[in-house]
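Asker: Chain by chain, the residues run as shown.
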Amino acid sequence: MAKPKQCDHCGKPATIHLTQIVGGEIRKVDLCEACQFKDSMAADFDLKPFAKLADGVLAAHNNTGEVHACPVCGCDDNSFQKSGRFGCPDCYEAFAGIVPEVLRNIQPGLRHEGKSPEVGLVRRHFGRKKVELRKELESAIREERFEAAAVYRDQLRKLEGREANAIEN
Amino acid sequence: MQLKIDSLIRADSELTHQNTSSVPIILMTRIRLARNLSGHNFPNHSEVEKSAEVFELCRKAIESAPEMGSPTTVRMEDLSTMEKKILVERHLVSPELIESTAGSGVVINGDQSCAVMINEEDHLRIQSMLTGFHLDKVWSTIDALDDSLEKKLDFAYSEELGFLTACPSNVGTGLRASVMMHLPGLVISKNMEKVIRAVNQIGLVVRGWMGEGSDASGSVFQISNQQTLGESEEAILKRLGNVLKTVRVQEENARSRILQTDQNRILDRIGRAYGILRNGHLLSSGEGMSLLSLIRLGADFGMFPKDTRCLVDRLFIESQPAHVQYLAESEIESAARDSLRASFMRKNFRDIPEPDFESAST
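Residue numbers (this note's numbering), protein chains in the order written: chain A, 1 to 169; chain B, 1 to 362.
Check each hint, because a few of them may be wrong.
[Said to hold, decoys possible] Below 25 Å or equal to it, Euclidean Cα-Cα: the simulated DSS-like pairs (lysine-lysine) are:
hint, chain 1, residue 1, chain 2, residue 2
1, B, Lys151, A, Lys115
2, B, Lys347, B, Lys306
3, A, Lys158, B, Lys306
4, B, Lys190, A, Lys28
Since the hints were derived computationally from the structure, they do not count as laboratory data.
Using the sequences plus the hints, can you model the full thing?
Answerer: And the structure:
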């Protein structure tokens with residue numbers, strides 16, 4: 001595997017690679033995140049999205065003083081700041097306090113306007129109802145209310161049928 | 001030497017064998033969607049066994065999607081460095097994917113117009129591409145493929161933020177559309193920098209031909225959207241499409257100006273490019289790209305037979321370093337590569353007639 005490129009300024013592994021064409025001349029630089037603002041060419045370039053992402057994280061963090069850690073994957077402020085990446089889908093919930101601030105710096109809007117996963121939403125809708133019904137069913141069995149349990153079991157089956165139908169269509 | 005990806009290299013593919021759809025200025029249109037499975041850590045935060053589990057879940061769903069006719073699946077861990085690089089050069093996987101190994105791979109359809117990467121930065125990077133300028137067509141293909149996958153896989157999605165991705169810069173639609181453009185007119189007339197600056201100002205990015213960090217040899221550039229949240233897929237594609245049409249007009253104008261004001265200089269360059277490709281004995285990949293770029297320009301000017309353009313598009317890919325190593329059937333040094341590349345070009349240009357300088361026009 002090729003050795004990772006080194007930063008032209010400090011020799012650390014470079015994560016930013018820029019190419020610029022001025023008057024037909026091609027110029028290339030490789031930079032680490034710390035040196036991205038030192039370079040004259042980088043100053044010319046649109047590094048804003050990256051810089052803005054890092055800034056956004058820091059600013060958001062400083063503003064709220066909150067500490068975040070995802071209960072599902074363990075990703076915390078430190079690891080998010082370092083990598084700019086979350087650890088799992090639930091992080092968006094765990095970091096809800098700073099997510100808008102982070103997004104404001106890099107995205108034109110804060111609300112999703114695109115397509116939605118139709119089948120996923122159906123699954124989610126029925127999933128919630130199924131969980132409720134199962135709970136009812138279990139407690140009915142536990143309390144030996146067998147007639148009620150039979151009703152719940154029927155409802156659960158019907159619900160599963162309707163879900164399969166909805167996904168099919 | 002028998003390679004796992006032999007069949008991919010030998011097959012007629014969308015980007016290398018599209019005689020009819022190869023057009024001036026625009027090489028290809030590509031869209032990718034970033035998707036993740038709910039209830040699983042993102043690849044960068046995942047343990048090896050979990051990544052393998054995600055790989056299997058995804059692989060089964062992708063292979064059975066109707067849009068993925070005659071799929072080929074490869075795991076990165078099973079490939080040599082050369083094979084991985086060949087996949088990058090064919091635009092089937094990203095340079096990032098070949099750096100990661102744990103449970104990462106790609107499923108590629110029969111004509112290599114769709115490729116779904118597994119366990120790159122996100123669990124899934126769904127990609128679809130076509131030769132020429134076809135944002136709408138590529139979108140409808142990838143939209144359908146996304147729907148098919150969604151039936152089998154539970155995607156991480158929030159009503160407010162859309163599809164959830166490892167990096168917040170992809171959240172929402174997870175969509176990046178990029179169009180690869182051949183812009184020698186703007187480069188020669190020294191206007192490319194202005195174009196890059198203007199395009200950047202409206203939230204679009206310009207990159208070199210191999211994506212992030214690659215250089216702009218051959219005057220080939222990728223222009224793509226950067227933002228993914230707060231706009232629908234259609235709005236993103238429309239905005240990008242409008243900008244690309246403007247860039248295309250600028251390129252056409254630059255070409256006419258060059259032909260009017262500096263005809264001998266440009267015809268000289270095209271003529272020399274032809275001479276070197278037909279007779280050269282040492283050719284670096286950068287020089288190869290530049291010369292091929294001039295031949296493509298000549299074909300657009302009507303100086304070469306029409307199907308020369310498709311030949312150039314194929315050679316753009318097949319003259320890259322890993323493809324040349326494949327020709328050599330072993331990993332060879334760069335000097336040996338240059339000699340082999342030159343002989344490969346001589347062979348391919350043997351039957352291309354001399355440039356018809358009389359008919360040069362835009």
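Asker: Could you run down the list of hints and mark each one as holding or not?
Answerer: Against the structure, the hints:
{"no.": "1", "hint": "B:Lys151 with A:Lys115", "in the structure": "15 Å, holds"}
{"no.": "2", "hint": "B:Lys347 with B:Lys306", "in the structure": "19 Å, holds"}
{"no.": "3", "hint": "A:Lys158 with B:Lys306", "in the structure": "62 Å, violated"}
{"no.": "4", "hint": "B:Lys190 with A:Lys28", "in the structure": "17 Å, holds"}
Checked against the numbered hints above, the structure violates only hint 3.
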